[in-house]
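Undergrad: Protein chains in written order, with the numbering used here: chain A, -6 to 122; chain B, 6 to 407.
It is possible that part of the hints are untrue.
With a straight-line cut-off of 25 Å between C-alpha atoms, the simulated BS3-like cross-links for lysine-lysine are [what the hints assert, rightly or not]:
1. B:K148 to B:K315
2. B:K364 to B:K388
3. B:K188 to B:K250
4. B:K142 to B:K315
5. A:K83 to B:K104
6. B:K250 to B:K142
7. A:K45 to B:K104
8. B:K315 to A:K83
9. B:K39 to B:K262
10. A:K10 to A:K43
11. A:K43 to B:K343
12. B:K104 to B:K148
Computed list of chain B residues with no C-beta within reach of chain A, every gap over 10 Å [as the list claims (entries may be wrong)]:
13. A100
14. H201
15. H261
16. P360
17. R401
18. G406
Simulated from the structure, these hints should not be mistaken for laboratory data. All of these numbers come straight from a predicted model, not from anything done at the bench. For every residue, glycine included, the Cβ atom is placed at its ideal position computed from N, Cα and C.
Residues per chain are reported as follows:
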Amino acid sequence: MNNPSNLKYAASHEWIKTEADGTVTIGITHHAQELLGDMVFVESPAVGRKLKAGEECAVVESVKAASDVYAPIAGEVVAVNSELDNAPEKINADPYGAWMFRLKPDNAADVNGLLDAAAYQAAVDSEAH
Amino acid sequence: MWRSTKPCCAFFQKATMTLKQTPLNAAHRAMGAKMVDFGGWDMPVNYGSQIDEHHQVRNDCGMFDVSHMRGVDMRGEGVRTFLRTLLANNVDKLALPGKALYSCMLRPNGGVIDDLITYFMDEQWFRIVVNACTADKDIAWMKEQAAQHAPQLTITSRDDLAMVAVQGPNARAKIWQVLPDFKIYTEHLQLFQAAHIGTPTLSVNPSTGKAGANDLVWQLAISGETFIARTGYTGEDGFEIMLPKERAEEFWYALHKTGVPPIGLGARDTLRLEAGMNLYGQDMDESINPLEAGLAWTVDLKSPRDFIGKAALLANPPARKLVGLVLLDRGVLRGHQKVVTAHGEGEITSGTFAPTLEKSIALARVPNGVQTGDTVQVAIRDKMLEAKVVKYPFARNGKSGL
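Just chain B, with the same shape it has in the complex (with noise of 0.2 Å):
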């Protein structure tokens, strides 16, 4: 097969019989996506242009098809107090229901087993976030410390649920053409915050089959489960959606019909790395502790508070930060070229070709010494490039930001 030079591509790999699909695995062919292997899931890196979809999330919106990720219930008495202990930003921030915090789950080493979103729905149940590729390291290692710290908790795998991002400048707007039942529900909820309304079931029409059968729009009434959180990955408003798998094919169809274009892993990597937003298993790892990831700004060292990873937070003060790079010459910066700056060498984390900025950004991990407004080399084949650190997120709401 076609070469590729630099080992920055998981998306080349083939799709196989033998890769987990989402509810949506058929819908994707339908409307004519690139499938990859990604993780193990079989999922559309794009539907045509990745430039484009980039575009449309930026100034409209596009949804993206998320359910490779793992919604976890944490429910039962003391669950915020085992929080405290499991991760490493601090849960008491979350005071208002439904409100959400962006985290690290620490090894004791430091090491991050997992980067996620945890939602605080009531005293009795939270709900947390977590990647694909880790979510079963992650459960298997929040029941251990369970087991340990708070064996009365019930930890919850929730594969029964399908994950939606909505995202961009309109993404609302739509949301709300599609469901509007539940735009009272939604419509007060504050960046980071989640609402918690009943199972949609069709309202109109239920038996008219897929995308094109009709020119009405979907309407979803409200009688279960449906979580909405005013999240996502793309430094753009939006929501990010949860809801019983066998009604996520119906929702996406609707929004399709409603003008809300999918959108592939492809464009969903360019926005978030825009959008300075770290990716695990390329930014940070479980050789990486969360200082030096670009992350201190979500651990809490301040308060009294105990957690699991912070003695050796403390014990081994960060050497090396995460900086944003713009590319100066011509090229596209890429995960793992060599960075040398005048106070030693360092690596590119994520690096790709923005396209809202049109010029090649990346994020690196360098000496602590290195500065905003430097300027570095970066090894690029046979060539050593130049490269400013400039500060992130690169673009977000729609606009650069340098």
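Pulled out of the complex, with its shape left as it was, chain A reads as follows (with noise of 0.2 Å):
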């Protein structure tokens, strides 16, 4: 699948969407859903939790496994995506629909520093090896 070409990537497999508002939307990628298999938990940052650039923030479990979500960039937590905990496996049907939780960032430039979806996939194939 291809990553969509409108959205940042994190090298630590989340997606960055920046919305009208100046608000950014995080999930994560199909790399990373194909890669833990079926979900089934996802547990959210607070709303109004306050983040730093790379701090574990949200957790997702798969059948095999559980992994850490970071902030791909500093800000306050907005809103969280409470479809999930109910239907955590739509992270698996469609990893850039089902979105994580969103944030107000500091500093709105911080998007530019992360990946762009050719610059990710480069990162996830030299992971590949």
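Dock chain to chain to rebuild the complex, using the hints, since each chain is given by itself in its own frame.
TA: Pasting the structure below:
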């Protein structure tokens, strides 16, 4: 699957979408969900929590493993996708639709420092070797 | 690489060229398997959804490549006498030819070298099936002990055999579709009983190649060595079949054509845990004696027979026991998580999300005072979550036991 070109990415396998209101929406990539397999549990960060870039802030668990999700940039959590509480498998079915949380960035320009789709794919490919 | 927060996953190790391969390696790749390093073997963890594979086995049937496991033949005069000494369970329970016995093989200090299945073929021949990662040390130990107690025995590692497990309520019927000539030899088999039959040779269309080549069900005729046991590691009915390596791929594709899908090691683990079956290396190893691993039922301390490890077990009454846990809060129980009880701390040995139960379950080693029905706390990351102590198996024969 191609990584959507309108998104930014972190090497730790999160995707980041900048919304019209300046907030950013975060989820995990197709590659990440494929690696983990069937999702069975999602732990979201608390709304209002202030995150540093790279901070562990959420957990996704598949049948076979638990993995951290990191804040790709610094900001405050303004929303979480509570739909995933009862339907974590949506991450497998639609990784770029099943968002996990939304941040109000401390600095909107931080998004520019993230990977574009091609750079993320290159990072994924290099992991495979 | 994506960091796993908890030490739950050997499955994440990437496959490399140095890994050992079973005769079905190419078939797994052709069927779209995700391959992982499983104890030094390049094995399929899943072919698609691991949860779907789990349900497939509980509700219908599926096939597993378990060729990484090893068959060991022990032949000669007095093999039963030797096994009375070697194994913690009592082979004298094996009276009917083909009958199987689950047992631990212990160090003199009571630590578990391996858990294994021993089949009584005749008084000159017992076949033992051992775990993949322990096979070499098992055979070395068997030979060392035989040199001392029964030097007349021949111990042969059957590296020439592949092993396929077909499990699920419809498993036997599917096997008989593929191996119609084998039905009369296997339909009478009790649970935990095996039949040793001839070598299968293709009797229909051997030249048509692999799966999808034609619509014929491949029929295999008898003329040599095949071993079919009504055993498994899923809590469902079914057969485990040992056959010559060079026949494994044909057999695998024949089953596939008959509508038996392949199942990876991921679902194998959730199936065995729901069925309350121990996994060597997680629930017990050489540092644990079987009485603290939920395996007292497999240790014969009643008969006057002596066996390796018996004195140590009698001298050290167990202080801990293995119990089942069901998580009451949201989350997933995993191996090595700390369990806090009113009687002291314990640890989860195996934990997972259980697809049949749609809950998280675990086996945990806890102080003896913990009782069924107790509520305990499990440390999951920065939280203490509630779990209930339950009797296991959690699920068998398609149904939840909770």
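Undergrad: Hints the structure violates: just list their numbers, smallest first.
TA: 5, 7, 8, 11 and 16
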